[in-house]
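J.: Residues per chain are reported as follows:
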Amino acid sequence: MNERAMDLPRSAVDQNWPHVLRWGLVCGLVLVSLCLVGMPVELDKRAIIERHLSLGYLFVLLVPIAIGWVSSTLLVLEGVENRRQGLYDLVTGLVVGLIGGGVLSLLMVALDNWNLRDPLVNWSPQLFRFLTYENGMGFGAAAWLCTGALLGLAGAALHVVPSVVRRTTAFVVFGLFFLSVLEAAISDLSEGFGLESLTDWLYAKKGGLTVTSTIVVGLVIGAASMVTRGRVKAATNRYRDMEGAERQKASMILFVVVAVLCIVLPMFLGKIMNELLANVGIFLLLALGLNIVVGLAGLLDLGYVAFFAVGGYTTAVLTSPNSPWFAPELHFGVALVFVVIAAGLTGLLIGAPVIRMRGDYLAIVTLGFGEIIRLLFMSDWLGPYFGGAQGITNIPGVDLGFATVKGTDPRSVFYLVLVFCAIAIYTSWRLQASRLGRAWMAVREDEQVAEAMGINTVNAKLMAFVVGAVLASFSGAVLAAKVGSIFPTSFMILVSIIILVVVIVGGMGNIAGVLVGSFVLIGVLGGPKQPGLLQEFQNYKLLIYGILLVFMMLKRPEGLVPSARRSRELHQDEFLQDAWLQGDKLESEEEEGTVVTATVSTGEVGGAEE
Amino acid sequence: MSEHLLEIRDLKVTFGGLDALSGLDFHVDEGEIVSVIGPNGAGKTTFFNLISGLVAPTEGEILFEGESIVGLDPSIVTSLGIARTFQNVRLFPNMTILENVMVAQHCRTSQQVFGALLQTKAFKKEESEIRERAEEILGFFGHRLVGYRMDQPAFALSYANRRRLEIARAMATQPRLLLLDEPVAGMNPMETAELTALIGRLRSDWGFTIVMIEHEMKVVRDVSDRVVVLDHGVPIAQGSYDEVSINPSVVEAYLGRPVEADR
Ligand SMILES: Nc1ncnc2c1ncn2[C@@H]1O[C@H](COP(=O)(O)OP(=O)(O)O)[C@@H](O)[C@H]1O
Ligand SMILES: [Mg+2]
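Protein chains in written order, with this note's numbering: chain V, 80 to 689; chain X, 4 to 266.
Hints in this document: simulated from the structure, not taken from any laboratory. A portion of the hints provided could be inaccurate.
Straight-line Cα separation of at most 25 Å, DSS-like style, residue types lysine-lysine; simulated pairs [unchecked claim]: (1) K127(X) / K328(V); (2) K620(V) / K124(V); (3) K620(V) / K608(V); (4) K312(V) / K634(V); (5) K124(X) / K328(V); (6) K284(V) / K350(V).
Examples of chain X residues lying across from chain V (beta carbon under 10 Å, computed) [stated by the list, open to error]: (7) D76; (8) T81; (9) Q115; (10) L121; (11) H218.
Pulled from the structure, derived: some chain V residues nowhere near chain X, Cβ distances all over 12 Å [to be verified]: (12) R125; (13) P198; (14) V200; (15) Q205; (16) V239; (17) V290; (18) A313; (19) N316; (20) A431; (21) W460; (22) D525; (23) A529; (24) T568; (25) V599; (26) I623.
Beta carbons: idealized from backbone N, C-alpha and C, even for Gly.
So here's chain X without its partners, still in its complex pose (with noise of 0.2 Å):
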C-alpha cells in the first residue's frame, strides 16, 4: 500500500459554533513541500494546531505514518516527528539563543538526574552531543546565530533572527515533518529571497518534509511541488502553484485580484 506520510480524512473544528475548518482532506508525501495559503482567517493556522495536537478536532483523523495522532499530547506528537513554528514567533526569550535549540532536543535524549548530578559518562556525552548538533543547527542559518550570539538571550534577537530561531528550534527536535507557519512574514526582500533558498536546503540536505503556510507568493511560487488552498476553512483548491493561481474560486477567493507572485 503506497502511504503517505500525514493524511488527513474529512478534518472538522469548530470554535463555539464557528467551523473553523471543515471537510478538510489533506495529505503529503515524504520529500514533498506543501504549501497552504488563503486569506487571513481562513483557518490555516488553525489546521497546524490540529496536527501538532494543541486543538483537538471535533471530527476527522489524523494519520502520521499511518497511524492515528488524534488526541495524543503536543508532546508526543512532537517525539514522533512532527515540529513546527509559530507565526508569532513564541521563543524562549529569557533563555540563550543555544539552550532554546538544546532544549528541543529534550524529546530525543533520556538523561534525567542521576545522570546530571552523578555526571555520568553517559551524561557528559548526551550533553556534548546537544551542544554539538545544536551548534550545527545553527551553523545552517549562517554567522547570524553563531558566534558570541548563541550566549545572548532570545529576545535580544532581530526579528528575522527571532524567525530564523524558531526554525533551527523546530528542526532540532529532530523531525519527519516539519510545519512552518509564516517562515518570511515580516522579512525584507533580501532577507525573503535567502530563507527561500534554506527552505529548498531543508529538504535537500535535511531530508525534512514540509508543510508551510505563506503569503508571500513567490515564495510559495519557487518552493512548493503543490498548494493547497483554504477559504473560510473549506479547501477550494489543490494542485500545482500554475493551476492553482488561475483558479477562478481562488482568484475569488482573493478578492478577484489574480494570484500573482510580485515582479
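Isolated chain V, as found in the complex (with noise of 0.2 Å):
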C-alpha cells in the first residue's frame, strides 16, 4: 500500500467514520438544543415565505445544511495534490444530515412518550406539533429523516458545484431572506415613498414574501448577481489601492453619500424604523465611546454603563420639573454642559482608584463600580435625590425653537443622536491620530515600556476614561430627551455587556465595526430592552448575543469590520510569515549580497518582563 493510498478514501463508502458520527450527532444535539430552547414554535409565528416557511423551521432547516457544509469542508494543504470534492463528500453530507435528522426523531419519540416539563419548559405539545407537521409521529419521523438527509446533502452539495452556484445560490437565499425579514423596514420605507402597490405585491397579508414575489425578486437577485460577479470585489480594491489625493477624494464622496442618506432617509420613514434608528444611535454612541476605552487604551471596562447613568440622570435632575430635590428645570442645552462636567468628574472618580490595576483585576473591579452605581441612584438613601425605584419622570424634550425633539417624534431623536454620533466619530478619528491616541496604544500595547518612553501612563488612562465617560453621558441625555423618565433599571449591568459585545462583533478599535456592529446586533436583534427588526428574536436576544461572541472569538477575533492594526495583531504569525517573505526579497535586493537577516522570531515581541 502506497501513501497516497493510505490517504486517499478508496470509495464514496470508504467514509472517515468517526469524523461522520461526530459530526451527525453535533448536528443532532443542535437540533434538539433549538427545539428545547423553544426557538422554532415561538418562531413558527413569523412568516417568511407565506404559508410555506416560517422563521422557526427556516432555522430548524437550516442547521443540517450548514453542518452538512462544515462537515464536509476539505483540508486543503498547500502544495500535495488534493483530493478533488465529489461523490465521497456528497455522502458525508447526507449520513451527517441523516443522523441529525434521526435524532431528532428521537426527540419526537421522548416527546411523545415521557413529559419532561418540569425541568425543560419547552417541552411541549406545540414542539411535537411543529416537529411532525401536525401529521402524527410516523410521518414526523420519517419527514425529518428525508429532509436531515436532503439538507445534509445540499450543504454538501455546495462544495461540489461550481462557484458561480454556490455564488448565485447565496445571493439568492439571504437575498430572500433578508427581504422577508426586513419587511417591516421595507414596507416602512416604500410608504414614505408612496410605493405601497410594491409591498403589496411583495408581501403577503399576514406578513412574510408571497409565492409569487418569492419567485420573481429569487430570479432577479439571480440575475443580478451573476452580473455583478468581482465588480464589488473590483471596486472596494481599487478603493483600497487609492493614495493620497484620489483616495482623498473618494473618501469625501464616499462621505457625502453616507451624510446624506442619513439625513434624507429617516424622512421616509415611519416611527417605528425612525424609533429603531434612534435606538441603533444612541447605542452606537456608547460603542464608539467604549471603543475609545478598550479598543484603543486597552482598558476593559465592564462599568461602563455607569457613565450612561451619569449622563440620564444629570439631566433629569436638570430639566425635569419632577426632580424630587433640585429642579431648576433648564434647557437641555444648557443642561448638557454640566452633564459633561458630571461625567468628566465621574470619570476621574472612578478612573483614579482603578487605573493602577491591570487587565482582569480592572474588568472586575469597573464591573463593580457599574453596578454601585445603579443600586445608589436606587437606593433609599439617594431616594430624596434621585427618585429612587421610582426615577425621575416629566423630563422634557429639546426645545430647538422650530422644533422639539421628544421620544414622541422618534425622527427628531434619531436627528439628535446622529448629530452627536457625528461628534463622537469624529472625536474618535482626529484622537487616534494625535499625541493622545498614539499614547493610547502605547499602554494597551506595553504599559511598562509606555513608562519608560516618557509617557505618563497614570494621565492617559484616567483621559480616556474621562472621553469614554463623556461620550456615554451624551447617550444617557438622549435617551433622557427621548424616553422623557428615567429609572434605575435602565442602567443593568447587561447595557456594558451589550455594548462591549457590540465592539467586539464589530471590530475592536475601528470606527467602521463599531458602526457595523451597532447596526447589525442592535439595530437587527435589538438592546437591553429595545426590540430590533427581528422582534420575535427578543426572548433569545441574549442567547444570540453570547453564541455569536463565543463564536467571533473562535473564528474571527478581529470583528466582523476588522481594523488592519486588530487584524495583525490577531493574526500575527500569519503576517509575520508573508512579511518574512517578502521582506526576505526586498532585504536581499536591498543590501546587495551582504548576508540577510531575516530572522523574524514568531511570537509576541514585547514579551517577558525583564
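Work from the hints to combine the two standalone chains into their complex.
T.: In C-alpha cells:
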C-alpha cells in the first residue's frame, strides 16, 4: 500500500466514520437544543414565505445545511495534490444530515412518551406538533430523516457545485431572507416613497413574501448576482489601492453620500423605523465611547454603563420639573454642559482608584463600580435626590426653537442622536491620530515600556476614561430626553455587556466596525430592552449575543470589520510569514549580497519582563 | 564644582534576599561612552532598571545633573533626559514604525484633546514637527526603517531592525543620557560593525552621552572611553578597555579566559 492510498478514500462509502458520526451527533444536538430552547415554536409565528416557510422552520432547516457544509469541508493542504471534492463529500453530508434527523426523531419519540415539562419548559405538545408537521409520529420521523439527509446533502453539495452556482444560490437565499426579515423596514420605507403597491405585491397580508414575489425576486437577485460578479470586489480593491488625493476624493464622496442618506432617509421612514434608528444611534454612541476605552487604550471597562447613567440622571435632574430635590428646569443645551462636567468627574472618580490595576482586575473592579452606581441611584439613601426606584419622570424634550425633540417624534430623536454620533466619530477619528491617541495605543501594547518612554500612563488612562465617559453621558442625555423618564433599571449591567459585545463583534479599535456592529446587533436583534427588526427574537437575544460572541472569538477575533491593525495583531503569525517572505526578497535586493537577516521570530515581541 | 552628568553612590538593590547589586559607585560625564560588562546575571540590566526608575533601589543615591532621581516615575526620569533600550526588544508591536518613534516624543510635546479636536494651528504644527523629527531619526539608520517600512507594524521587522528601532525610539525622547542594553545582541558581524559606527555617531552627531551594556568585546573596545566590570552585583574593575582586560579579577570573573576581542 503506498502513501497516497493510505490518505485517499478508495470509494464513496469508505468514509472516515468517526468524523461523520461526530458531526452527525453535533447536528442532532444542535437541533435538539434549538427545539428545547423553544425557538422553532415561537418563531413559527413569523412567516418568511407565506404559508410555506416560517422563521421557525427556517432555523431548524438551516442547521443540517450548515453542518453538512462544515462536515464536508476539505482541509486543503498547500503544495500537495488534493482530493477533488465529489461523491465522497456528498455521502458525508447525507449521512451527517441523516443522523441529525434521526436524533430529532428520537426527540419526537421522547416528546410523545414522556413529560419532562418540569425542567424543560419548552417540552410541549406544540413542539411535538411543530416537529411532526401536525401529521403524527410516523410521518414526522420519516419526514425528518428525509429532510435531514437531503439538507445535509445540499450543504455538502455546495462544495461540489461550481463557484458561480454557489455564489448565486447564496445571494438568492440571503437576499430573499433579508427581504422577508426586513419587511417592516421595507414597507415603512416604500410607504414613505408612496410605493404601497410594491409592498402589497411583495408581502402577503399576514406577513412573509408571497410565492410569486419569492420566485420573481429570486430570479432577479440571481441574475443580478451573475452580472455583478467580481465587480464589487474590484471596486473595493480599487478604493483600497488608491493613494493621496485620489483616495481623499473618493472618501469625501463616500462621506457625502452617507451623510445625505442619513439626513434624507429618515424623512421617508415611519415611526417604528425611526425609533429603531434612534435606538441604534444611542447604542452606537455608547459603543464609540467604549471603543476608545477598550479598543484604543486597552482598558477593559465592564462598568461603562455607569457613565450612561450619570448622563441620564444629570439631564433628568437639571431639566425635569419632577426632580425631587433640585429642579432648575434648565434647557437641554445648558444641562449638557453640566452633563459633560458630571461625566468627566465621574470618569476621574472611578478611574483614579482603578487605574493602577491591570487587565482582569480592572475589568472586575469596574464591573463592581458600574453596579454600585446603579444601586446608588436606586437606594433609599439617595432616593430623596434621584427618586429611587420611581426614577425621575416628566423630562421635557429638547426645545430647538423651530422644533422639539421628544420621544413621541422619533425622527427628531434620530437627528439629535445623529449629531452626537457625528461628534463621537469625529472625536475618535481625530484622537486616534494625535499625541494622546498614540499614547493610548502604547499603553495598550506595553504599559511598562510606555512609562519608560516618557508617557505618564496614569494621565493617559484617565483621559481615556474621561473621554469615554463624556461620550457615554451624551448617550444618557439623549436617552433621558427621548424616553422622558429615567429609572435605575435602564442601567443594568447588561447594557455594559451588550455594548462590549457590539464593539467586539463589530471590530475593536475600528470606527467602521463599531458602526456595523451597532446596526447588526442593536438594529436587527435589539438592545437590552429595545426591540430590533426581528422582534420575534426578543426572548433569544441574549442567547444569540452569547453564541455570536463565542463564535467571533473563536473564528474571527478581529470582528466583522477588522481594523488593519487589530487583524494583524490577532493573526501575527500569518502576517509575519508574509512579511518574512516579502522582506526576504526586498532586503536581499537592498543589501546587495550581504548576509540577510530574515530572522523574524514568531510569538510576541514585547514579551516577558526582564 | 565639577559635576558629573550621572553620579551613583553606594547603590544597592535586593531581590528577596539576593543582592542583585551592592556597593556600586559609578559616574558618567557629559560626552562619555561608558561600557558596562560582566557575566550573565551580574546585575547589568538591573542597573539600567534602577537608573530608569523601573526598579527602586534598596539603598543609595542616583544623581542626574546633580539632582536625585531615586523614587521618580520612569516617565519623569525619561522627561529629565534619560532614555533606554531593552535587552529583550520591547517595541510597541502593533504600532507602525513611524508611530513607535512618534509616540516616544510624548514627553517633549504638549498638545491635548482640544488641540486634536479643533485641529488648531499649534496642533498641526506640533504634529508635523513630531513627524519630521521621527523621519529624521529613522533616516539615521539608513534606508532600513524609512520608506514603505514606516507604515509597517513593528513586529514585522527583522530582528536587527527591531534593535535599530528600539534605539530610534529612545533617541526620540530627546535624552541627554542614552542607556543601551546589549544593542548588538543577535546581530551578524556586518550589522555589528555598522551599529558600532552608529554608536560613535550617536555621540558625535547627536550629542548623547552613552552607557552601554555589551557582551561583544570588539564593540566595547571600539567605542568605549571607559569600561566598568560587574560581577555578582559588585563592581570589580573600572578603567580603559586595555586596563580592564588585563585585570586579574576580571579575567577570573570571565572563567579564567583572558578577555579579548575576537580577531
Ligand atoms: N525583578 C526582579 N526580581 C527578582 N530578581 C531579579 C529581578 N530582576 C533581576 N533579578 C535577578 O538579578 C540578577 C541580575 O539580573 P540582570 O540584571 O538581568 O543580569 P544581567 O547582568 O545578565 O543583565 C539575576 O540573578 C536576576 O535573576
Ligand atoms: Mg541583561
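J.: All hints, please: hold or fail.
T.: Tested hints:
no.: 1; hint: K127(X) / K328(V); in the structure: holds (21 Å)
no.: 2; hint: K620(V) / K124(V); in the structure: holds (17 Å)
no.: 3; hint: K620(V) / K608(V); in the structure: holds (10 Å)
no.: 4; hint: K312(V) / K634(V); in the structure: holds (22 Å)
no.: 5; hint: K124(X) / K328(V); in the structure: holds (23 Å)
no.: 6; hint: K284(V) / K350(V); in the structure: holds (20 Å)
no.: 7; hint: D76; in the structure: holds (7 Å)
no.: 8; hint: T81; in the structure: holds (4 Å)
no.: 9; hint: Q115; in the structure: holds (7 Å)
no.: 10; hint: L121; in the structure: holds (9 Å)
no.: 11; hint: H218; in the structure: violated (16 Å)
no.: 12; hint: R125; in the structure: holds (44 Å)
no.: 13; hint: P198; in the structure: holds (48 Å)
no.: 14; hint: V200; in the structure: holds (47 Å)
no.: 15; hint: Q205; in the structure: holds (52 Å)
no.: 16; hint: V239; in the structure: holds (39 Å)
no.: 17; hint: V290; in the structure: holds (52 Å)
no.: 18; hint: A313; in the structure: holds (24 Å)
no.: 19; hint: N316; in the structure: holds (19 Å)
no.: 20; hint: A431; in the structure: holds (16 Å)
no.: 21; hint: W460; in the structure: holds (35 Å)
no.: 22; hint: D525; in the structure: violated (6 Å)
no.: 23; hint: A529; in the structure: violated (8 Å)
no.: 24; hint: T568; in the structure: holds (33 Å)
no.: 25; hint: V599; in the structure: holds (26 Å)
no.: 26; hint: I623; in the structure: holds (31 Å)
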